[in-house]
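The listed protein sequences derive, respectively, from chains A and B.
At position 113 of the first sequence the residue is numbered 113 (our numbering), and the sequence of numbers has no breaks.
At position 43 of the second sequence the residue is numbered 43 (our numbering), and the sequence of numbers has no breaks.
To be clear, the hints were calculated from the coordinates, so they are not data collected in a lab.
Among the clues, some could well be false.
Here are some chain B residues pointing at chain A (derived, C-beta under 10 Å) [what the hints assert, rightly or not]:
#	residue
1	25
2	35
3	43
4	45
5	47
6	64
7	65
8	68
9	89
10	95
11	96
12	103
13	104
14	106
15	111
All C-beta atoms in this analysis are idealised placements derived from N, C-alpha and C, irrespective of residue type, glycine included.
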Amino acid sequence: GAVVSQHPSRVICKSGTSVKIECRSLDFQATTMFWYRQFPKQSLMLMATSNEGSKATYEQGVEKDKFLINHASLTLSTLTVTSAHPEDSSFYICSASLVLGPYEQYFGPGTRLTVT
Amino acid sequence: AQTVTQSQPEMSVQEAETVTLSCTYDTSENNYYLFWYKQPPSRQMILVIRQEAYKQQNATENRFSVNFQKAAKSFSLKISDSQLGDTAMYFCAFNAGSGGSYIPTFGRGTSLIVHP
């Protein structure tokens, strides 16, 4: 099946610094990738939809200048949390889908971000 | 806009027994896809089963099957012969088909615990 990797799996950073999370589709081309944030024991909160070669579409309430998303190729999307604060600490998950259908999501293993 | 409702925050079942997780949705789309995803304690999201709305036959994957009632907009997941490894969060998800939004909508999840 389709495999999506995510790196790093865990990261601790100091408040005010930036952190980059990579999401790669390893064995397929992903025209569209999604970035989610998940709080403990809650559902996935969609942050943005990332399309290769174009600007990401952010969900309402998500600061695009804080959460920079780049989808430079059909196999790589990155999320950069800029000027991180403790409230940005969370579990971030990426997923990719084959837009031609049936639109099932292939998820990365997630990244645990802790901002101190 | 689509909505997905999972009315059971938590469920438990004895090993080897059968359990059914409920999911209802609301949409004006006629062509769409429904999914159940599993998120075990490792937090890696895994696709459990998929149902195309145009198919009347309920999807099955080994011990997992769905009861898809299109008129009632219901999509329940039945897990037979429950195993300890089935302990996880289960998310019901919706995707519109071609011509609709391909952005997935997730339910809030049901936490399933399988007891030995």
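Cut-off 10 Å, beta-carbon criterion: hint that residue 68(B) touches chain A: violated, 14 Å
Just to be careful: measuring from the Cβ of residue 43(B) to every Cβ in chain A, is the smallest value less than 10 Å? Since the shortest Cβ distance to chain A is 5 Å, the answer is holds.
Next item in the hint list is residue 47(B). Is there a CB on chain A closer than 10 Å to its CB? Status holds, d = 5 Å.
Restraint check, 10 Å cut-off on beta carbons, for residue 104(B) near chain A: holds, 6 Å
Per the CB criterion, is residue 106(B) less than 10 Å away from chain A? holds, 5 Å
Given a cut of 10 Å on the nearest C-beta pair, is the interface hint for residue 35(B) held or broken against chain A? Hint holds; residue 35(B) Cβ to chain A Cβ min 6 Å, cut 10 Å.
Was the hint right that residue 89(B) lines chain A, CB cutoff 10 Å? holds, 8 Å
Given residue 25(B) as an interface hint, is the shortest Cβ-Cβ distance to chain A below 10 Å? violated, 14 Å
Under 10 Å is the threshold here; is the Cβ of residue 103(B) close enough to any Cβ of chain A for the hint to stand? It holds, given that the least Cβ distance between residue 103(B) and chain A is near 6 Å, below 10 Å.
Restraint outcome when residue 65(B) is required to lie within 10 Å of chain A by C-beta distance: The hint is violated - residue 65(B) has no Cβ within 10 Å of chain A, the shortest such distance being about 17 Å.
Next item in the hint list is residue 95(B). Is there a CB on chain A closer than 10 Å to its CB? OK, holds: residue 95(B) within 10 Å of chain A, min 4 Å.
Chain A contact restraint for residue 45(B) - C-beta distance below 10 Å: holds, 4 Å
Of the hints listed earlier, those the structure fails to meet are numbers 1, 6, 7 and 8, in rising order.
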